[in-house]
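Visitor: Each chain is listed here by its residues.
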Amino acid sequence: MALSLALLRELEGILGAGGVVSTLEGRMVYEADMHTFYKGAPDVVVLPETTSQVVELVRLCRREHVALVPRGSGTGLIGGAMAPVGGVMVSLTRMNRILELDFANRCATVQPGLINLWLSQATREAGYYFAPDPSSQMVSSIGGNASTNAGGPHCLKYGITVNHVLGLEVVTGAGEILSVGGKAHDHPGYDLTGALVGGEGTLGLLTAITVRLLHVPAGVKTLLASFSAIDPASEAVSAIVAAGIIPAALEMIDETFVRAINEGVGAGYPKGAGAVLLIELDGPAAEIEAQAGRIVQICRDHAALEIRVAQDEAERALLWKGRKEAAGVVGRMSPSWILQDAVVPRSRLPEIMREVQAIGARHRLVIANVFHAGDGNLHPMILYNDLEPGELERAKEANDELLRACLAMGGSVTGEHGVGLDKASSMPLQFGDADLNFMARFRRVFDPDGIMNPGKLLPSHPACGEVFRPSAPRLPAGAWV
Amino acid sequence: MAVSAPALGDAFAAIVGGEHLTTAPSQLAAAAVDGVTPRWLARPGSLDEVSRVMALASAEGLAVAPRGGGSALDLGTPPLRLDAVLDLSRLAGILEYVPADMVATVQAGVTLDALDRELGKHGQMLALDPYGGGSRTVGGVLATNASGQRRFRYGTGRDLLLGARFVQADGTVTWGGSKVVKSVTGYDIPKLLTGSLGTLGVIVEAALRLHPVQPASGSWLFSFTSREAAGALVVAVLASSLEPERLAWLNAAVLGLVGSERGEAALAVSVATVAEAVTSQGAELGSMASRLGARVSALDPAFWTRMGGALASSTVVKLASEIRRLPFWAGEVERVISRHGLTVSLVGEAGNGILRAAVEGSVSPDTWAREIVAPLREALAAEGGSLVVERAPLYLKSAADVWGPVPETALAVMRRLKAEFDPGGVLNPGRFVGGL
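Same order as they appear, the protein sequences are chains A and B. Heads up, our numbering is the position in the first sequence plus 98, with the first residue counted as 1. Heads up, our numbering is the position in the second sequence plus 24, with the first residue counted as 1.
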């Protein structure tokens, strides 16, 4: 262990012995997030319960030049919660309380470790919910969501997490408590709230988050449309949006996934479909009725094989269960997989999906797809078997080609998972030197000594391979996309 | 090495072209910012020219004020220094627009009207409707984070700016964000730029999220004999599943200006969706309001443009409070201001806790500072709100800080940001919060 015993004692002084995990079996729990290419138990894990403990932690680590890595529920898909050798991992799971529900101001203030779904559960009876819904929402934390600016199916209509964060309390890498934003809108000065969301733990540790609550819509309507192939389904997506309809969610599930989901989850998606669209509308009853009618017509015009409208809440829940648990069934298809998270302008969807198929064929690999089609946010899953010589290499090449193809169409490196360790080296594909330099300087303003989550988000930190211990990829225990 | 003023003028002219550089005193006087007259007014015609102007200004230690349509030049503290006004109005092109993507990349100088005309052909819009109208430029609206009534449904520039190409103080051309509706790649630099009053960089190009124009819309006015009843309707609407597009708070003075019936306070509400839902939501709103004693009348769509005229005063104050406190502050601001013989027109974004007060009449700087700005600002700040003087004559600006205090820790971070990206104080020195 690279961490000194003296530092360990000081950590225990701040957090108490119960707030410090230093045994091997204890640390093993934290060896990776859901991105399993890199693994390695952190030297120590600390579990603060108060903001003042977090401040003491940061000040101590700053004094000792020790890296700090925040971690929520560990559902990240980018290796963002990997601690370098000699670093301290800060698990925020104990800071999981709702600090205030304020329906009159349509907002809530929560601690970072609060599970996303708990907030909607706590507010639903009063008629409210928290819109950002990453598919891992039953386990992912709001602090993690805000740190990675995580998305989800309902981003299509309601925007990503940053659009729902009103204020933050942050302990910056400089060890100061920064309170920005809040219940009132439009605070004079720079929009630090907006710029801190998505910081991936490189700027500071979030200790409280004020989020917008939305009123539960009057009605909701969930439709499923099946197609013979992914091509007409992609065209239908473009046509729906071109018709001026922004559904609450518009998700694509390809043939490979339809089969696996039906077998694994029993979602009852149409057998033999080449592609399925899951479309959800919400809003005033008259609005969703009219829009549903248009969507049915558009799907028919694009040769839909079958169109179903969920008749009750149970049927709707089942349709969503298939989608939300999709990644959990990947194991039925393949021992290993690489998950891409790039974005294309949505008008390029039909084109990029043809490219995805072509790349798979070229590398003799199956690429399965379940993703946020309305946003153009792709999630090709490249299936491979690491016991077969050369397959991992081919999978990595295919993954790289996919990313480059998306960027060539004017897309983005990541739509909702973030950059983390996984994509730090891909940043120069989307940004030039001046752009990355600006971001690096921005980071330094908050973290002058470079102790906050080093090696993540920006490519400037060399030798990630030395800082982090890569391991042979293996089958994840389950994941969400 | 310092260059003489005529030589600098020649250098600017060499960049933008002599016909796009103004040194005529009368025109420079018209380009003054809060009475501070620049030495040059430069109108660059390309990104590269903006970059070269900034590089030169930076090398020579000059102060530059970027401007779009010039309608928000009143915002901010008078500049500490001003050598060149950088007018972006020639950069008014729509660079990329694929309707199916609902994203447009435009140059900063394009006006809201010009953009609206183009987007309207495809049934789309940029959902920013700041007061002051369509002659405002995209760059100016973003740099000032100006917003209007549609923010209730669509958010502000903060939520609609996906990507930005900007020029740093030293002339470095930089891009932040993306051109797709969903991206979390790197720090959200567009958020940092939105509302920064051009103090960190000059926005030259913006990738914007668009929305479809809804097939139908309806607008209604609900006027009340008491402020409390109007407040109760706000509460009722926010606690319902109604999805209005705009929820405007108006006081009696504004009702008079827009030619509507009298009342103590009123809410103007619009709904935009399919025709059937406009009808049903309108009916629900109507019965909700009637139960609270409102007089209901239908509004024509032009009302929303007319209403902005209520804020066309030389003195405008913006208050931000908690949403639920807006009715209280509406009463409070009227009481505090009208006590001094001034008239107050109030327009509020009732679903966001934002109120703007347009003040007419004469007031001494001392009264302004001590009896109007300070007490309102202190009471608002105690609740986490703020008061910004968006527009005021110089004699009032010099009496009370237009921005008000920013919490010390946050201000320290803002100072470090400014020092990092504009160490020489080239961009709008002194005009932003805390003298940034």
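Treat the hints loosely; a few may be bogus.
[To be verified] Output of the computed footprint for chain B on chain A, the stretches with three or more beta carbons under 8 Å from beta carbons of chain B:
id, region
1, 127-139
2, 202-210
3, 271-280
4, 441-450
5, 509-518
No lab work stands behind these hints: they were computed from the structure. We put the beta carbon where it would ideally sit given N, CA and C, even for glycine.
Visitor: If a hint holds in the structure, say so; if it doesn't, say that too.
Guide: Cross-check of the supplied hints:
A count of 0 residues in the region 127-139 of chain A with a Cβ less than 8 Å from any Cβ of chain B is obtained; the coverage claim is therefore unmet, three being the minimum. Taking a C-beta to C-beta cut-off of 8 Å, the region 202-210 of chain A contributes 3 residues in contact with chain B, enough for the three needed, and the coverage statement holds. Against chain B, the region 271-280 of chain A contributes 6 residues with a C-beta closer than 8 Å to a partner C-beta. That satisfies the three-residue criterion, and the hint holds. Restraint check on the region 441-450 of chain A versus chain B: 5 residues with Cβ-Cβ distances below 8 Å, three needed, restraint holds.
Judged by the Cβ-Cβ criterion of 8 Å, the region 509-518 of chain A is covered by chain B as claimed, because 9 of its residues qualify and three suffice.
Of the numbered hints given earlier, the model fails hint 1 alone.
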